[in-house]
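Q: Top line first, the protein sequences correspond to chains A and B.
Numbered as in the numbering used here, the first sequence ends at 235 without a single skipped number.
Numbered as in the numbering used here, the second sequence ends at 554 without a single skipped number.
Hint data in this document are derived by calculation from the structure and do not stem from the laboratory.
Please note that the accuracy of each hint is not assured.
Straight-line alpha carbon distances no greater than 25 angstroms define the calculated SDA-like cross-link-like pairs of lysine to any residue that follow [stated by the list, open to error]:
{"no.": "1", "chain 1": "A", "residue 1": "K202", "chain 2": "B", "residue 2": "K256"}
{"no.": "2", "chain 1": "B", "residue 1": "K256", "chain 2": "A", "residue 2": "H52"}
{"no.": "3", "chain 1": "B", "residue 1": "K381", "chain 2": "A", "residue 2": "P152"}
Ranges of calculated distance between the beta carbons of each label pair, as one might list FRET restraints [said to hold, decoys possible]:
{"no.": "4", "chain 1": "B", "residue 1": "L325", "chain 2": "A", "residue 2": "V223", "range": "47 to 55 angstroms"}
{"no.": "5", "chain 1": "B", "residue 1": "T533", "chain 2": "A", "residue 2": "A225", "range": "20 to 28 angstroms"}
{"no.": "6", "chain 1": "A", "residue 1": "Q218", "chain 2": "B", "residue 2": "Q552", "range": "26 to 34 angstroms"}
{"no.": "7", "chain 1": "B", "residue 1": "I411", "chain 2": "A", "residue 2": "V188", "range": "51 to 59 angstroms"}
{"no.": "8", "chain 1": "A", "residue 1": "V216", "chain 2": "B", "residue 2": "M461", "range": "21 to 29 angstroms"}
{"no.": "9", "chain 1": "A", "residue 1": "S219", "chain 2": "B", "residue 2": "G429", "range": "56 to 64 angstroms"}
{"no.": "10", "chain 1": "B", "residue 1": "T468", "chain 2": "A", "residue 2": "L154", "range": "27 to 35 angstroms"}
{"no.": "11", "chain 1": "A", "residue 1": "M115", "chain 2": "B", "residue 2": "T468", "range": "34 to 42 angstroms"}
{"no.": "12", "chain 1": "A", "residue 1": "V188", "chain 2": "B", "residue 2": "N495", "range": "48 to 56 angstroms"}
{"no.": "13", "chain 1": "A", "residue 1": "E51", "chain 2": "B", "residue 2": "G292", "range": "52 to 60 angstroms"}
{"no.": "14", "chain 1": "A", "residue 1": "D89", "chain 2": "B", "residue 2": "L325", "range": "20 to 28 angstroms"}
{"no.": "15", "chain 1": "A", "residue 1": "V188", "chain 2": "B", "residue 2": "G482", "range": "30 to 38 angstroms"}
{"no.": "16", "chain 1": "A", "residue 1": "V56", "chain 2": "B", "residue 2": "M321", "range": "50 to 58 angstroms"}
Which chain B residues face chain A? A few, computed with CB under 10 angstroms, are given here [said to hold, decoys possible]:
{"no.": "17", "residue": "A319"}
{"no.": "18", "residue": "M363"}
{"no.": "19", "residue": "G369"}
{"no.": "20", "residue": "G380"}
{"no.": "21", "residue": "V383"}
{"no.": "22", "residue": "Y386"}
{"no.": "23", "residue": "V394"}
{"no.": "24", "residue": "F428"}
In this text, a Cβ means the ideal position worked out from N, Cα and C, and glycines have one as well.
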Amino acid sequence: MKRRETIKSMLVGGIAGPLFIAGCQPEHADVKIKGKESTPGPYGRTDKEKEHDAKVYASKFLTEHELATIAVLCDLILPATATAGSATDAGVPEFMDFIVKDITSHQLPIRGGLMWLDHRSGRLFDTNFISCNMQQQKQILDEIAYPDDVAPELAQGAEFFSRMRNLVLTGYYTTRMGIDDLGYQGNVANVWDGVPEDVLAKHGMSYEKEWLAKCVDQSKRDVLAQWDEEGRLVE
Amino acid sequence: MVREVLTDDEGLATGVSYINKDDRQEYELKAKVVVLAASACSSARILLNSKSKQHPGGLGNSSGVVGKYLHDSTGASRSAFIPALMDRKLYNEDGTGGMHIYFPWWLDNKKLDFPRGYHMEAWGGLGMPSYGFGFDPNELNVHIGKKVGGYGDQLRKDVKSFYGSTVGISGRGECIAREENYCEIDPHVVDEFGIPVLRFNYTWTDHEMLQGKHMHDTFEEILTAMGGVLLGTKPGKEDDYGLAAPGRIIHEVGTTRMGNDKKRSVVNANQQLHDAKNVFIVDGGPFVSQADKNPTWTILALSWRTCDYIIDQLKKQDI
Ligand SMILES: Cc1cc2nc3c(=O)[nH]c(=O)nc-3n(C[C@H](O)[C@H](O)[C@H](O)COP(=O)(O)OP(=O)(O)OC[C@H]3O[C@@H](n4cnc5c(N)ncnc54)[C@H](O)[C@@H]3O)c2cc1C
């Protein structure tokens, strides 16, 4: 997917999408990255889906050298910080290994791009990418990591790097580690208490009293309604 | 997987024939009453595939109306980057997107160049990352004079900075049901069970196009007033004013329309076939219009009513 097409792509579809920077194929929203075992959630999978999963997990696409190169790229893109692990800490290489098998349109651009990268490091430093030192690796990335100022003859490298960076970020931020780093607070069953007062205040807003009175009393949120035999609401 | 509704010499339903997906064999199921709830298009498909001497054009299709008047909601969207929402305080904002925060329609059509109307749904927020999150992670840098791209700590910072800083609005509107928009049995194609499938004929008219244009003007007005930097470009006439292709809003209804006149409709007010009183349809097929709102609750309400009616009729031994 080309830069600037992402936004366009998220605008099609039947329901309003809740997420910015939601990507090309939201139907793959439940990607799980760890482990070789197929990962059926409590929601269940159909037999066809189970078959598909088993096939994907059993197959092999990326070679050892490709995965090693991806691991180096992963940690250049997202190195560890004082508070969060790196992309390899989060298992992003495993995610990459999986996602190119699950979304096969990634296969050729990733494979070819990795080779492009080795070719470029060969030209500049006479060795493949993973054998360069970090400073050399960064020198190569600096040529292709900023799409608005890439030399025309390196454009394909920039295209590859953008794809790689997209997948690494998606892989990272869909793990526990990434979600904690981002600070996402939701996915809490049966809990939504509106916008915090201080946030409303910052934007010069507040909830109207009459409306608040109609909202769920948070201390009673888990109390179930009661009906009589006739189906009338008791309380 | 139901193939067809079976009927007797009087043209009344006697049950259905279906394929067991596990052994791929065809079976018959006898029934006093057949209730179709396969969703609007699939119920029309079953009816059209249920041909017999009594129902040569398909069950319930003496009017020739089955499959016609198919309509889906209109839909268009726009989003904007709101710089004031960068580097936000983080809190649980799951409730803001998917539940359709909803602006109802209230404008006066006398002053507009299209009939009926649309509602809007706002979205955005600090949502849960899923596949696609982090794509083009700092593209919005172009709007704040910073460099797009990069890697490392700066990239990580950008992702967090922009998290939850975009909002969008989607319009969902009423498409006027027209006979010319229809599904029919495709004479050339079957599914994996050998059952003929549907094909679709559908166009938007000026009604819907001008509605789409109005949606986009409204989105721009609201998002700009919010201090937003509009993303993407405003679609023009050549892009159908950004209307999603028919079917994309997945609110398809109307294929077995309701009416008192059996020459111009498929079911009566109780969603009972005019042509076979022991067959009922409880999906979106009977809708003659779906206003601008999503259809599910109305489908449920009508189904409930039809169930009560069926019980009543069985008690009276009328079906
Ligand atoms: C992604 C998405 C989001 C939506 N969001 C909303 C929303 O927010 N609000 C809203 O109001 N509406 C929404 N809709 C529309 C809404 O889901 C449908 O209008 C509604 O579910 C239709 O209900 P139904 O009972 O008619 O059909 P369905 O719910 O489609 O049920 C039909 C059932 O019949 C089965 N079936 C079909 N053919 C056969 C056959 N030949 N034999 C046996 N079984 C068969 C199907 O497998 C299915 O289980 C959305 C739709 C989609 C796809």
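Q: A separate judgement is required for each hint: does it hold in the structure or not?
A: Hint check:
Restraint check: the Cα-Cα separation between K202/A and K256/B comes to about 58 angstroms, which exceeds 25 angstroms; the hinted pair is violated. Distance check on the hinted pair: K256/B and H52/A sit about 18 angstroms apart at the alpha-carbon level, within 25 angstroms; holds. Taking the CA atoms of K381/B and P152/A, the gap is near 21 angstroms; set against the 25 angstroms cutoff, the hint holds. Look at L325/B against V223/A: about 29 angstroms separates their beta carbons, and that is not inside 47 to 55 angstroms.
Between T533/B and A225/A the Cβ separation comes to about 23 angstroms, which falls inside the hinted range of 20 to 28 angstroms. The beta-carbon spacing between Q218/A and Q552/B, approximately 53 angstroms, falls outside the hinted interval of 26 to 34 angstroms. In this structure the hint that I411/B and V188/A lie 51 to 59 angstroms apart at CB is violated, the actual value being about 43 angstroms. Evaluation of the 21 to 29 angstroms hint for V216/A and M461/B yields a pass: the beta carbon distance comes to about 28 angstroms.
The given range of 56 to 64 angstroms is respected by S219/A and G429/B, whose C-beta atoms sit roughly 58 angstroms from each other. Distance hint check: the CB atoms of T468/B and L154/A are about 28 angstroms apart, consistent with the given range 27 to 35 angstroms. With their beta carbons about 36 angstroms apart, M115/A and T468/B fall inside the hinted range of 34 to 42 angstroms. Separation of V188/A from N495/B is about 50 angstroms and conforms to the stated range, judged on CB atoms against 48 to 56 angstroms.
The given range of 52 to 60 angstroms is broken by E51/A and G292/B, whose C-beta atoms sit roughly 40 angstroms from each other. At roughly 22 angstroms, the beta carbons of D89/A and L325/B sit within the given window of 20 to 28 angstroms. At about 35 angstroms, the CB distance of V188/A to G482/B agrees with the hint of 30 to 38 angstroms. Evaluation of the 50 to 58 angstroms hint for V56/A and M321/B yields a failure: the beta carbon distance comes to about 38 angstroms.
The restraint placing A319/B at the interface with chain A holds, with a minimum CB-CB distance near 7 angstroms, inside the 10 angstroms limit. For the restraint placing M363/B at the interface with chain A, the shortest Cβ-Cβ distance is roughly 6 angstroms, inside the 10 angstroms limit, so the hint holds. Taking 10 angstroms as the C-beta cut-off, the interface hint given for G369/B holds, the closest approach to chain A being about 3 angstroms. Evaluation of the G380/B hint against chain A yields a violated restraint, the C-beta minimum of about 12 angstroms exceeding 10 angstroms.
The interface hint given for V383/B holds, since its Cβ lies 6 angstroms from the closest Cβ of chain A, which is under the 10 angstroms cut-off. Proximity of Y386/B to chain A holds as hinted, the smallest CB-CB distance being about 5 angstroms (cut-off 10 angstroms). With a least beta-carbon distance of about 7 angstroms to chain A, the hint placing V394/B at the interface is held under the 10 angstroms criterion. Because the beta carbon of F428/B sits about 14 angstroms from the nearest beta carbon in chain A, more than 10 angstroms, this interface hint is broken.
Comparing the model with each numbered hint stated earlier shows that hints 1, 4, 6, 7, 13, 16, 20, 24 do not hold.
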